[in-house]
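Okay, here's what each chain looks like letter by letter:
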Amino acid sequence: MQALVIDALNGISYGLLLFMLCAGLTLIFSMLGVLNFAHASFYMLGAYLGVSFALWLGFGWALVLAPLVAGFAGAVFEVTLLRRVRPAGPLNALLLTFGAAYVIGELVKLVWGLQPLSAPLPALLDGPLFTVGGAAFSRYRAFMMAVAAAMLGLLHAVLRISKTGLVIRAALTHAHAVEALGHDVPRVQTMVFALGTALAALAGAVAAPLFVVEPAMAESVGSIVFVVVVIGGLGSLGGAFVASLAVGLLQTFAVASDVTFGGVAARLGAHVSPAWQALTLAQLAPLLPYLLLVATLALRPRGLLGQRGDDD
Amino acid sequence: MNIEKRSAGASSSTRTTLPPRGRAWRALAPWLALIACFAAAPIVGAWLSPSGAPQGWLLACLAQVATMIVFALSYNLLLGETGLLSFGHAAPAGLGALAAAHLFNRYALPLPLLPIAGGVGGAAFGALTALVAARRAGTAFAMITLGLGELVAAAAWALPDWFGGEAGVGIDRASGPAIAGWTFGPDREAYWVIAVWCVLASAAIFALSRTPFARLANAVRDNPVRAAALGATPARVRATMIVWSSAFAGVAGTLTLINVELAAAESVGMMRSAAVLIATVTGGAASFFGPALGAIVWVVFSVGVASATRAWMLYVGLFFIVVVLGAPDGLAGCAARQRARLARHGWRRCRAPWLAATSATASAAFALVLAVQWAYAVRFRADDPRAWFATPTPATASGLVALIVVLAGLAFVVGRRAARAARALDAAGEVR
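Those protein sequences? They're chains A and B, same order as listed. Taking the numbering used here, the leading residue of the first sequence gets 6, the next gets one more, and so forth. Taking the numbering used here, the leading residue of the second sequence gets 1216, the next gets one more, and so forth.
You can take every hint at face value.
One side only, chain A facing chain B, incomplete, derived with CB under 10 Å:
1) Leu86
2) Ala98
3) Tyr107
4) Ile109
5) Leu292
6) Leu296
7) Leu302
In short, the hints are calculated from the structure, not lab data. Everything numeric in this text was worked out from a predicted model, so none of it was measured. Glycine included, C-beta positions come from ideal geometry on N, C-alpha and C.
With the rest of the complex left out, here is chain B (with noise of 0.2 Å):
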């Protein structure tokens, strides 16, 4: 609490201290790179590749991208503006996709309109969600919303009627009415919907959190009681914070529709809810930015490292409880707290700290990869018996242990000088 209080008071006062110039320039920049990171990647790749179009893979991944940082953004304004976690945020975005599925297969919808349909079936369940969880936050909210999300997800398999059962309900892009002689079909005319309708989407989930609802919201999650007492009504709030939460999500749910042309069962489940929990967590749900950056870190979790080995949800469990421990404030908050000391202290003072942090890190996450891997080779021998370290000999076996144990041991003793140099250095902040 108080490292934050002191972050954010220096952070303000570097703040104040910039040309208006720079200011503006230092709010932009974020937007300035996402928009940079839509366009330039599928133009680059479109350059390198022999056939003059971007590759499939990038499409899809950046594609996944945009359709998260949509879900991570919605998902923050329940967390990060009114303080509620909730378990079940992708009942909204799956039911959203879905009615926009079928809208879509019945009338012949532009397809970039589609969003506003998804956007307006999540508003709908949202309504439905804010009428029995929104007088109660903290952990019987949670508890609510993740008994509302099983309920959709059992609802799922159980009326194949409407959610299609197993196959899911399938869209064409193409059969929608083409504008302009795009017909979004091609992977890469889709893609160009969904960037611009996530940069549309988090552009207005950004001027949301800047109105005065936004600030009452805040009220409520900070203290309740007195924001009932100043006349606000917390119950509302929530509502109406649940159902522009809801909202954002359903236009997520659709962009994914738009992606992978499939409203499935699993967009309704608990894997996804959980996903975007993580990825809001991770990424710091302080911060607007924030969750977009956990959204990107998921992807690079769920489709990178998940394509490398079959323990990523362990990595994934393991770098989550890390962040919950080590920095409550995500990776954004992380980053502040840095730039902060780095503003007071100077580069000079900052390096030595940050550098046996860094090898600390490193070394930690080294001998644990090894451990991992080497654990998930033995024991899945028999599916992948090629796999490194399957079937080692004595001298490897060995030298792996003496590997992993002097890498840890590193990392423990290096990690607690530099958490010590980052508390001398803190002292040496407050004695000034």
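Chain A with its partners taken away, still in its complex shape (with noise of 0.2 Å):
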């Protein structure tokens, strides 16, 4: 019971650390039409800055600084590249996206290198929250919780209270009235894309001293997020919230528990081969969220809350 409590809150600490991700990349596409293939490369750049700026500056500034940085890089990608695709349809953005996943994970091992890096943790974060029953909620990710919850606040708030909010939520829906009223509704979509990029680049920065920081976190990273994305209805932030939930979750509990196949199957009277036997569901947490996507579609092919329609 007390690991239960533990492991529904560290699952709930992942899934949050997902939907700063998947908030991003759902804003992106609801705006620009065009899905952020290297949206999970910004993620890992926004790791990289950040264990360099707090080696340099320390951890404070690091959280500032790194999606600040990656922010204006993707503002850069998107008035440079991207904004001269789009006229020639999602796909070929989304292969441009694509290509600059590709250029982005190189450029980041040819200035990090090939080894892993540890992030610094600050000696405040560092250790144990609050034990239930001999097991540990450690306080960086209390904080990570915090840090996601709060940056969720602040982008409800401003979309929903400020006026950029406004010219925002208008062009999502009708651009071109917007255009007509006078908004630069261009320059609001490289903000936009900033924005995305930037959240994505905390979620990197705050996850660093917890994940490895390595060239390959891009694509671990990167194909849940996607996975999370068509699961919760693409275009739709609820939708993604709840999927984001839901996957971290499964995969938190999947990789803490000990039920094995052959017990299963024992328990349900069928006789396996001992290969099969041994197999664990830990061992299978990886394939859970495509097991998701898979009987989500069959069930339901729009995704949880998507509202588009079948060919788009």
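Make the complex out of the two chains shown on their own, each in a separate frame, by following the hints.
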């Protein structure tokens, strides 16, 4: 029971981290109609920048500067490259970001090398926050949850309350009308792209001390993020939120569980070969998000809260 | 869009003015080039080598080209014909190869028939894919195939019983029944199987792309709503095309299996899916032979450039971005546009812009290669201290910087001039 509480908290913190990535991705998708394949690469860039800034100026500055630098890089990418390709259709833009993911990955390897880096952890955030019956919940995970929740609250407030948010929300659905009213929609689009990449970079900078900072981290997170976005329904922030939490909890519980295939089969009265008996649910954990994707699509092709039709 | 239409019109008009015999030759030329390349290269290699047998590396490269051509052509059934961008095309290929490997190890199938087994395996996976993915197109389809590809890739590591884990599932080519004295153990004999299958599979894909069903797929690609209004079911058309494409991907995967005698976990991985996507897009999805061209370019990068420098992935990525930005219809589309220009304006007026464009591209590429190689040499100095410019003297360093700046500036100026000249040429054509 105690372990269950800790696992649930760990799962929620992982889910919130996923949602920080998915929120930026979804915003960019609804605003520009482009699924940014390089989103996870900006996450990786944020993690590397975070480590470098943390070693140079300290952890607090890293959380501020890494998103700023990555957001600026995202804005430059949008203005110089993405804008030229977008008129040719969403698939061309997807292909461009696909190429950009490769190039960013290689440049990261070139600048920071191939070795995994370890991010410094501030002493204040080191150690357990509380223990429930022998199982500890780390302070840093609580901090990560707090940062994610604060960021998302802020984002929600900006989108709902401020005038910029109003323009962005209007431009999501009626770009031409907003343009006719005298607002600079291309600039709003650039801003949203920069905001999305900055969110991804913040997620990377926050996640850096918790995960291994290495050149393969973009691929390992990237495919999960895209799966989450599809499960939630492309373009739906609420769906992305539900799906991120679901995937975060599912994976954390699967990794922590000690259920084996043989045990389940024995309870059901079936006989399986020895190789299958040793197979644990924890080993199958990497598969679960994708299985969830297949199950969701089989039952509901547009995703949990997706709005768009079948042929978009 | 405008340019494409115009070039299409121009090329069709030149085609109609050709006599029928010229048209037949033009249609046959790529096939003859393909067959000649596969047949002549080993013979010339054998003639040049002292031992009288073709060089091993040459056969390995050609076999890779052959498998990649089939793989890219099968991918283009989705991307070019049906407009479906897939990020998980390695899954049917790898699973087809896996099924073929298990079958070959269990029952002594004749090796030349193995690709059929692989094709059936690929088609079976394609049917499963179609069940979850065929209802969607565009970005959603791309993400669903990405998820399915990752599912198979993750399963390859989690289920070592089927996939053979780290080592993969190996076969021994010579263990099958011999046909007319050929055991298919030696590389040379396996190569001929692969080359013949490449030509056969390409011809089959070509035939498929000329059927009324392929026209229906084109209609679904261009306007699914209208196709549905005309009585077609877009989801069913997509599903059928996914199965066909996966079947040919399974054939391609099995050709790789025959080449390397191994169905490894990497063969279903993201890297392989990305490879076929890059090959098809850079070659050009709009023409039939574009992907084949892209497959050759990909093998040049992944074998040739990769053996020379560790920066090859960066070059691939940059090349891909340049193609997506500058010529979304790929190398083949770019070539078709230039051919149309030549037919319209003649060699005299095309010469100057082409010369400028070529020199701009060359100097830009040279500047880029210098800068990238220098950066990699400095970065990975510890691994390879004797690489070029790893420890440059101040004089060489400043010389290099000057050279890079001059080349980049030259590329910029000449490139702008070339673009202006090309625009002027097109405008002149329009006025007439």
